[in-house]
Each structure stands twice: as structure tokens, then as C-alpha cells.
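With the hints as a guide, bring both chains together as one complex.
So the sequences go chain by chain: A and B.
Oh and the first sequence: position 109 is 109 in the numbering used here, straight run, nothing missing.
Oh and the second sequence: position 65 is 178 in the numbering used here, straight run, nothing missing.
All the pointers check out, no bait thrown in.
Covered stretches of chain B (chain A as the covering partner; in silico rule of three or more C-beta atoms under 8 Å from a C-beta of chain A):
1. 142–156
2. 159–171
3. 214–220
In silico BS3-like pairs for lysine-lysine, Cα to Cα no more than 25 Å straight-line:
4. A:K57 x B:K213
5. A:K70 x A:K57
6. B:K162 x B:K174
7. A:K57 x A:K71
8. B:K162 x B:K182
9. A:K70 x B:K213
10. A:K71 x B:K213
11. B:K184 x B:K162
12. B:K182 x B:K213
Computed, partial: chain A to chain B, Cβ under 8 Å:
13. Y33
14. L45
15. Y48
Since the hints were made in silico from the structure, they are not lab data.
Remember, it's a predicted structure, so these values are computed and weren't measured experimentally.
Glycine is no exception: its CB is placed at the ideal position from the N, C-alpha and C atoms.
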Amino acid sequence: DGGITQSPKYLFRKEGQNVTLSCEQNLNHDAMYWYRQDPGQGLRLIYYSQIVNDFQKGDIAEGYSVSREKKESFPLTVTSAQKNPTAFYLCASTIQGGNTEAFFGQGTRLTVV
Amino acid sequence: AQSVSQHNHHVILSEAASLELGCNYSYGGTVNLFWYVQYPGQHLQLLLKYFSGDPLVKGIKGFEAEFIKSKFSFNLRKPSVQWSDTAEYFCAVMGFGNEKLTFGTGTRLTIIP
Numbered sequence: 001d002g003g004i005t006q007s008p009k010y011l012f013r014k015e016g017q018n019v020t021l022s023c024e025q026n027l028n029h030d031a032m033y034w035y036r037q038d039p040g041q042g043l044r045l046i047y048y049s050q051i052v053n054d055f056q057k058g059d060i061a062e063g064y065s066v067s068r069e070k071k072e073s074f075p076l077t078v079t080s081a082q083k084n085p086t087a088f089y090l091c092a093s094t095i096q097g098g099n100t101e102a103f104f105g106q107g108t109r110l111t112v113v
Numbered sequence: 114a115q116s117v118s119q120h121n122h123h124v125i126l127s128e129a130a131s132l133e134l135g136c137n138y139s140y141g142g143t144v145n146l147f148w149y150v151q152y153p154g155q156h157l158q159l160l161l162k163y164f165s166g167d168p169l170v171k172g173i174k175g176f177e178a179e180f181i182k183s184k185f186s187f188n189l190r191k192p193s194v195q196w197s198d199t200a201e202y203f204c205a206v207m208g209f210g211n212e213k214l215t216f217g218t219g220t221r222l223t224i225i226p
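Isolated chain B, as found in the complex (with noise of 0.2 Å):
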């Protein structure tokens, strides 16, 4: 069965500290692999994606995320947060060919300014 662990439930951070979510999914073929970003009170909206190609990938406000296909994961890194990161972060996967989109539980980021 498809499926995605966030093992951080909750983390909360410094500003300009480094962060680093986590994400492991499950499934037996090639992936499609997302991460969403839900800011208080807003629409949930992507961050980034891979789908091919570099494992790592570059997406919006500074985040990026590596795709290890050994570890089944897909970690969620940034090297100095913002107050304005404080959010719900979700990771999310998609079988290749089988359109089902599965997210993890999300992770609760807090910055301290």
C-alpha cells in the first residue's frame, strides 16, 4: 500500500537556525513526490517537486528537498528559517501511473523570532 511518514510532528526552531523535516514513503515503483506548505489560515500550496532527473530539488522561499531512493525518502531542508516559516508542512506522494496523491500527517513548524 502507498503511504508517507513525517516523523516530526512538531518542531520548533530559532530564527536562522537550520532545518531539516522528514519523509518516508512507501510504495513499490517509480514516485512522484511533493511537499505543501500551509500557512495559517491560507490555502495549502507547493513548495516543490520531483519527478525525474536531480534528486535534488530547489523550490520556493528558499527550501529544497533530496530524494534518496535507497531510503525511500524525501527530506525537507533549509539552512536558516524565517519567522514567517511558521506553518504546517506536508509531504506528499504519488504513484507513478496509479493517480492516487497520498500525504503524510504533516509536520508543525513554529519559528521563535
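Only chain A is shown next, with the shape it has when bound in the complex (with noise of 0.2 Å):
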């Protein structure tokens, strides 16, 4: 089955790690998309990328980092700069260019303690 699978579900680190999420998609999808999604702020865009090897910053993209190697992976790191990390993150992806809505992972609760 196609799909995007985010791993791990939850996720627990101590203050001052940084940490990675994985995001996978087998939709041979262009663009991918992180979002954080705290309750009362909807999902806000975290960085978001429509071709391998080049990405673009979101609205809230300070203490995170990504990267695009590869198509079908777009991990995300939560850095130790991050002022408040724990959330709930989100990723999407989505065909380029392309008249069509965008797909989404089951979602990454991360807590920072």
C-alpha cells in the first residue's frame, strides 16, 4: 500500500538533544512537507521541500533542520535550539505542480523532558 509512514509514533528525549523524525513516502510524491501542530495554532509549517537536494524554510523553521537526499525521505531534526519542542509533528507530501491534495503521516508526538 501506498503511503507516508512517520516513525517513531512517539518519542521521548532529554532537554538539550537534538533529535530526529523519520518521514517516508512510497507515493513517488515531488514535494514533502514538516508541520508542528500545537492545540488552538492549527499546523504550522516547518520547512517543506519540492525537489530532491533543495528545501525551503517554513513559518516557524528556527531550531530545526532537514534534509532531501533522497525522494521518498525528508527527515527532520529538532535541534537543541528549539525553545519549546515538544508538539506533535506532521508530515505531508504531496505531487508537484500537480492539481491534487496533499497526503499525510499518522504523526510524531515528541516530548522533551
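Here it is in C-alpha cells:
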């Protein structure tokens, strides 16, 4: 089955540690996205990538980094510089330039203690 | 800058009442517009989308939305809600050609049986 896989579902880290969230898709989609979902704030865009080896900052990129070495993969690193990293993170993908909707993964809930 | 405003943060209705959720966007060109729904504990899923053509679009579960270009609006409607419509609803915009997908803050809908 085609889809987007985010792992792990739950993640705990100590304050001051970097942590990488995985996002893999087998939909052959060009564009991939990372969002952060907090109660009352909706989905806020962190980074997005339209093609391999290229990505753009979203609205809340500070304290995060990404890479796009393969079309299928778009990992997100939450660095120690992110002041409030505890949140629910969602990955999505879509066909570039096409009139189609985004498909979402199940999300990763990150808790930093 | 591209943005989405959802004016209603929490809406409470009785079953069989009519629903209208507001969505306004900001973008200087052609847009693709979406409504997504997130039922408790579930993935985001697409309700409906507008790319071009008839500004009145119909989606799943009896929902519809009307694109009014002059008002930069894409309001979601349903003539008679059911208890199972209890969920959070997100409006989203993608500027044509820029691939940046921006969401609103969401509207929590509670249906009272």
C-alpha cells in the first residue's frame, strides 16, 4: 500500500539533545512538508521541499533542520536551539505542480523532558 | 505573505443544525484551496478541494464549500450536521506554482446529540 510513514509514533528526549524524526513516502510524490500541530494553533509549516536536494523554510523554521537526499525521505531534526520542542509533528507529501491534495502521515508526538 | 484565517475557534451545534465555518486567505495570485478534517485520534483527511472551475465544490459526507474570489473566502457548509461530524476542521491554501501549503488555526466543532 502506498502512503507516508512517520516513525516513531512517540518519542521522548532529554532537554538539550537533538532528535531526528523520520518521514518516508512511497507515493512517488515530489513535494514533502513538515508541520507542527499545537492546540489552538493549527498546523504551522516548518520546512518544505519541492525536489531532491532543495528545501525552503516555512513559517517556524528556527531550531529545526531538514535534508532531502532522496525523493522518498525527508527527515526533520529538532535541535537543542528549539525553545519549545514538545509537540505533535506531521509530515505530508504531494505531487509537485499538480492539482492534488496533500497526504499525511500518522504523526510523531515528541516530548522533551 | 500567504496566510489563512479561520474565525471560529470552537463551534457548538445541535444535531440537524446547519453549519458554516469561515475561511479567508491571503495570497496575490491563483490558489488551490482545501478543507481537511481531523476526527479524534485520527489522521488528517481531505474533505474537499478547489482547483478551478465551478466555485461551489462538493466533498465527502455532505460537505460543500464555496470559493468567492472577490472576498478571498472558502467557507465550509453542511445543511444538517450529525454527531459524527464532531472533529477539528482545517482550511488550507496553496499558492499556484509555489507549492507552499499553509493551514489555518482550525475550528473545533462539537455536535450535541
